[in-house]
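Chains as they are written, first to last, in this note's numbering: chain R, 1 to 177; chain Y, 1 to 400.
These are calculated hints, taken from the structure and not from any lab test.
All C-beta atoms, glycine included, are put in the ideal place defined by N, C-alpha and C.
There may be inaccurate statements among the hints.
Stated by the list, open to error - Below are the SDA-like pairs computed for lysine to any residue, each with C-alpha atoms no more than 20 Å apart in a straight line:
(1) K141(R) x E15(Y)
(2) K60(Y) x K86(R)
(3) K86(R) x G145(Y)
(4) K141(R) x G145(Y)
(5) K68(R) x P127(R)
Unchecked claim - Far from chain Y by the CB rule (all over 10 Å, computed), these chain R residues:
(6) D7
(7) R13
(8) G40
(9) D83
(10) L126
(11) P127
(12) Y130
(13) R149
Letter by letter, the chains look like this.
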Amino acid sequence: MNGSDGDLVSAVRNGRREAYDELVRRHAAKIGAVCRSRIGARGPVEDMVQEAFLRAYRGLASLDEPDKFGSWLYGIAIRACLDWLKAKERGQLSFDALGDPDGLRRTGPVEEPDRNARLHDQIDALPEPYREVVLLFYYRKQSYQEMSRLLNLSPAAINARLTKARAMLRERMAGAL
Amino acid sequence: MTMNCAEWEEKLNAELDGELSDADRAPLEAHLAACADCRRTRDAIRAQSAELENLRFDSKALEERIIAAVHAETAPRRGGFRSLTVLTAAAALIVVATLLFLPPDERATQIPRPAMVLESATGPVEWAYRDRWLPFAPGNAIDPGTTLRTTEAAKCEIACADGSLLRLDRATEVQFQEPRRIHLRKGQLFATVYAGRDPFRFTTEDGALQTDAGILDLSTRHPKAVTTLAVLAGEARIAERPAPPDNRCVNQKPIERSAMDPLLQTRWINDLLRLRDKNDPEVMQRVTGLLTRVGRSDFYESELRAFGERGAPGLLSILNRTPDSWDDVHRRNAARVLADVAGPHEVESLAKLLRDRDSDVRNAAQRGLVRITGVNLKEPEAWEAWFKGNQDVWACPKKE
Chain R
1 MNGSDGDLVS AVRNGRREAY DELVRRHAAK IGAVCRSRIG ARGPVEDMVQ
51 EAFLRAYRGL ASLDEPDKFG SWLYGIAIRA CLDWLKAKER GQLSFDALGD
101 PDGLRRTGPV EEPDRNARLH DQIDALPEPY REVVLLFYYR KQSYQEMSRL
151 LNLSPAAINA RLTKARAMLR ERMAGAL
Chain Y
1 MTMNCAEWEE KLNAELDGEL SDADRAPLEA HLAACADCRR TRDAIRAQSA
51 ELENLRFDSK ALEERIIAAV HAETAPRRGG FRSLTVLTAA AALIVVATLL
101 FLPPDERATQ IPRPAMVLES ATGPVEWAYR DRWLPFAPGN AIDPGTTLRT
151 TEAAKCEIAC ADGSLLRLDR ATEVQFQEPR RIHLRKGQLF ATVYAGRDPF
201 RFTTEDGALQ TDAGILDLST RHPKAVTTLA VLAGEARIAE RPAPPDNRCV
251 NQKPIERSAM DPLLQTRWIN DLLRLRDKND PEVMQRVTGL LTRVGRSDFY
301 ESELRAFGER GAPGLLSILN RTPDSWDDVH RRNAARVLAD VAGPHEVESL
351 AKLLRDRDSD VRNAAQRGLV RITGVNLKEP EAWEAWFKGN QDVWACPKKE
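Put together the whole structure using the sequences plus the hints.
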């Protein structure tokens with residue numbers, strides 16, 4: 001299904017629920033990156049992504065500017081993760097009950113599992129603004145322009161953050177060897 | 001201007017990401033030809049990026065899972081509190097009795113749910129996250145400590161696990177400190193409070209009040225922070241002193257009673273009521289409340305008409321009440337408005353009103369039928385025969 005996010009949101013509101021399927025396909029990987037950056041690779045990332053999309057679906061009528069579905073969904077995803085983190089702090093959640101403990105499915109060759117695990121640990125250890133751009137970029141290659149719309153930053157700021165994040169990761173991975 | 005190697009590193013990253021501008025390409029190549037450090041950095045970034053590519057997230061399975069979950073989603077979640085409001089004296093007594101004496105077990109739903117949930121909104125609602133305001137969607141749980149605000153374009157409803165209901169007007173900011181404890185920073189809120197273990201406590205910049213159960217409207221206008229309270233049902237205590245069901249300033253400064261008809265004071269909730277099903281008891285009560293005031297000021301009739309087709313069941317409830325307990329003026333007003341706002345689902349009801357004892361009501365019903373159907377018949381028998389032959393088009397769907 002083609003059309004802008006705003007077109008798809010309007011279609012859903014007019015009863016064409018299948019239009020929401022396309023919104024899911026467009027944004028799932030990006031929201032996966034956001035959730036992964038908020039709750040870490042070992043958190044129930046997929047559950048959080050699903051929760052964000054369900055909340056967005058329920059609240060679609062309140063979306064004032066349909067073309068801003070992406071940034072609206074981003075806020076909802078952050079909120080879902082925060083809810084989960086708070087519940088975790090209160091001891092209300094069982095990790096075992098929540099899906100794949102690795103949280104993610106990755107493509108590509110599984111090589112040097114130790115190094116891969118270290119890389120994930122180091123990404124999780126990055127300050128949040130840097131972790132977020134790395135994950136957004138590599139989960140599903142987002143252009144600087146797309147990321148800048150989502151994060152409300154200039155493309156130059158995205159470039160600077162990615163540069164800094166990669167430099168920190170190189171340094172930390174070298175130190176971890 | 002000469003760039004240092006740290007600045008060239010950003011250009012190297014942009015090049016790797018396919019984001020380097022054409023204007024920067026030649027200068028970057030020239031710099032790389034002259035700078036061994038930057039060449040090493042470029043090689044390191046490329047090697048690192050190959051490793052990071054393994055992070056690529058295959059979201060196909062997740063997408064299908066989410067789509068299935070959305071398809072399985074039925075109606076939006078709804079609380080069980082929707083039948084409450086107080087707009088007339090008689091209704092007030094009934095509702096207060098319900099609020100005070102209904103056993104807690106019968107009020108609560110069987111499924112544990114969050115202490116508070118944003119149920120619905122007419123526009124964007126936001127929550128404070130660090131130094132930012134982020135969107136807050138209906139269906140979200142409201143954790144203790146959360147600060148929510150409605151924008152200039154939004155009003156919202158919040159359901160509490162104890163059955164209580166909070167409504168926020170436009171440009172209102174509220175901190176949910178804990179269950180049954182709310183701080184109104186600015187704006188206006190309407191609360192239907194059920195009895196619970198503890199009193200429900202509200203604070204503003206001016207002071208504090210609490211109620212065990214009741215319906216109240218609290219308004220504070222920042223930065224002057226003049227807080228007004230209207231108790232529509234039950235009893236609210238300001239500080240430690242009981243307040244009668246009346247209007248008082250939280251600072252014990254009396255306020256003028258003008259324009260403090262509850263329907264006027266709480267007219268802002270009508271936008272939220274219009275989102276509800278037209279058979280919602282609270283909608284019907286508000287419609288009948290407005291109808292009893294038609295004639296006092298144009299406001300009441302215009303608000304009544306603004307409910308549109310949603311107001312029809314409330315108006316019909318007055319016209320069809322047996323024994324007929326409404327005086328003729330109210331019945332005629334109801335019929336007059338109904339003729340203009342009724343929709344296709346009211347055709348059958350309008351046809352029955354053609355046999356009403358009051359000719360004004362009959363004439364209004366006739367006018368409504370002609371408007372909706374485009375058919376112009378004179379006698380009730382003709383309408384009944386017509387309706388019988390066109391039931392598949394005009395019959396009102398049966399309630400589930």
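| task | Find the hints from earlier in the document that the structure breaks and name them by number, from lowest to highest. | result | Of the numbered hints given earlier, those the structure breaks are 2, 4, 5 and 9, listed in rising order.
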